[in-house]
Amino acid sequence: MSTQVPEQVEDESASETVSTGKQKRDAKKRERAERVQEQREVEAAEKARTADDTYHLKVFRYDPEVPEKQEPRFDDFYVPYKQGMTILDALMWARDHYDSSLTFRHSCRQAICGSDALFVNGSQRLGCKTQLSDLSEPVRVEPLPHADVVKDLVVDMEHFYDQMEAVEPYFQTNSLPDGELEEQRQTRENREKVKMSTRCIWCSACMSSCNIAAGDNEYLGPAAINKAYRFAMDEREGEDMKQRRLEILEQEHGVWRCQTQFSCTEVCPKDIPLTEHIQELKREAIKNNLKFW
Amino acid sequence: MSQSYNRGLIEDFSRWREFSAGMWAWIFHKFTGWVLVGYLFTHIAVLSTALSGATEYTTTIQGLESLLIVRILEVGLLAVAVFHILNGLRLLFVDLGVGLEAQDKSFYASLILTGVIVVASVPTFLAGVTI
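Sequences listed follow chains X and Y, in order.
The first sequence begins at 1 in the working numbering and counts up one residue at a time.
The second sequence begins at 1001 in the working numbering and counts up one residue at a time.
Pulled out of the complex, with its shape left as it was, chain X reads as follows (with noise of 0.2 Å):
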């Protein structure tokens, strides 16, 4: 009962029969204990920081509401490697381990829910998809570049959320099939087309690499485009809604603005060849302005 060190400073709290000299008795035991759990930690850091199985990770910290922390600073963070582990992993661990402040947002691990775009070692990747051992140490984990940092690697995601909602991301149609229970089907070739484009997890890895996302905040950006073109090559949609959707996307900001830097195709976690989309909806809008026949 007297090992319990928690429950006896409870007691001393709740009466005062107990001698001082097994107060003093105690609280040189509990001084001892603490000593040997800091040296505990100590030896613990010494041994991460040496060995050969830990990953060095840089993590960007910044909280605007922790004076300590309004001015941004990278922490070191040494993870003991276990075989496939991602940087997702890692950065939970050192959460659980280190510091529970670190904040980052995840949610599926799975490369499905796109929450943990990172900018690590200086490219846009999944936290989750990203293995540790193909990365150089030291691992440097810094929040989405071109998006304002809310909190350590939390960047604000509303500008990016409106660029896809400009582009209106769902389907839309004015030509319904008949009969009530009737299906709205694609053909194969048609899906085979969108099929690509439709695999976004609206991550914002490919917005945060375009650097003409960078200098023009109006520029829709390779997801909205790549959503948009999900939809104009949907033949379901018919001719009225294309040419609805091609207004949108010819527009001053819209896919006139890319220069074809390819930097958004090499980023994107879910391989969607974005450039290649968005050149072919310039044709498209070319083609649509002409109609020479």
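Be aware that one or more of the hints could be misleading.
Lysine to any residue pairs mimicking SDA-like chemistry, simulated, CA-CA at most 25 Å apart [claimed, not checked]:
#	chain 1	residue 1	chain 2	residue 2
1	X	Lys-129	Y	Ala-1021
2	X	Lys-242	Y	Val-1098
3	X	Lys-242	Y	Asp-1095
4	X	Lys-282	X	Glu-237
5	X	Lys-282	Y	Trp-1024
6	X	Lys-270	Y	Leu-1100
7	X	Lys-129	Y	Glu-1101
8	X	Lys-193	X	Glu-239
9	X	Lys-282	Y	Gly-1099
10	Y	Lys-1105	X	Leu-135
11	Y	Lys-1030	X	Glu-266
12	X	Lys-193	Y	Asp-1104
13	X	Lys-287	Y	Asp-1095
14	X	Lys-195	Y	Glu-1101
Simulated from the structure, these hints should not be mistaken for lab results.
Assemble the complex: chain X is given as a structure, and chain Y must be docked to it using the hints.
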């Protein structure tokens, strides 16, 4: 959200670390484009000396060609022009949607071809013109 941190200049600089083939191609294309625009003005200035007679034009060209720096600059001009042409062709294919998956290779190819042509031209340019 009460406050957010704008990374400002630091982030503007960090953007340039994300370079890949397509980005370099874009930068080089812009740069060579501006160099060619600049050259156009000097080109017009030199050509317009022909307005005041054939001998005037010949002496101007001879005077320019006698300077080593001009001959070296001509090699540079060729490099810029050749890259701009080759990358322009590459961009044409990109706009047509042909070979997009090989865009980085075509960029490297245009770089190498530019290098080869420029190296091959060095003796001719440095020898100068004898009129």
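**Hint consistency between Lys-242 of chain X and Val-1098 of chain Y [alpha-carbon to alpha-carbon, up to 25 Å]** = holds, 24 Å
**Item:** Hinted pair Lys-242 of chain X and Asp-1095 of chain Y, Cα distance within 25 Å
**Value:** holds, 21 Å
**Message:** Need the status of pair Lys-193 of chain X, Glu-239 of chain X: alpha-carbon distance at most 25 Å?
**Reply:** holds, 17 Å
**Request:** Take the C-alpha atoms of Lys-282 of chain X and Trp-1024 of chain Y, compute the straight-line distance between them, and say whether it is at most 25 Å.
**Result:** Status holds; Cα separation ~23 Å.
**Message:** So if I understand the rule, the pair passes when the alpha-carbon distance is 25 Å or less; does Lys-129 of chain X with Ala-1021 of chain Y pass?
**Reply:** holds, 23 Å
**Request:** Quickly compare the C-alpha distance for Lys-1030 of chain Y and Glu-266 of chain X to 25 Å and report which way the hint goes.
**Result:** holds, 21 Å
**Request:** Below or equal to 25 Å on CA atoms is what counts here, so check Lys-287 of chain X against Asp-1095 of chain Y.
**Result:** holds, 13 Å
**Pair hint outcome, Lys-195 of chain X versus Glu-1101 of chain Y [Cα-Cα no greater than 25 Å]** = holds, 17 Å
**Item:** Straight-line alpha-carbon gap Lys-1105 of chain Y to Leu-135 of chain X, limit 25 Å
**Value:** With a Cα-Cα distance of about 24 Å, the restraint between Lys-1105 of chain Y and Leu-135 of chain X holds, given a limit of 25 Å.
**Asked** Would the pair Lys-282 of chain X and Gly-1099 of chain Y pass a check requiring their Cα atoms to be no farther apart than 25 Å?
**Response** Since the Cα atoms of Lys-282 of chain X and Gly-1099 of chain Y sit roughly 16 Å apart, the hinted pair holds (cutoff 25 Å).
**Given hint Glu-237 of chain X paired with Lys-282 of chain X - CA-CA distance at most 25 Å** = holds, 19 Å
**Asked** Would the pair Lys-129 of chain X and Glu-1101 of chain Y pass a check requiring their Cα atoms to be no farther apart than 25 Å?
**Response** holds, 22 Å
When the structure is compared with the earlier hints, no violation turns up for any of them.
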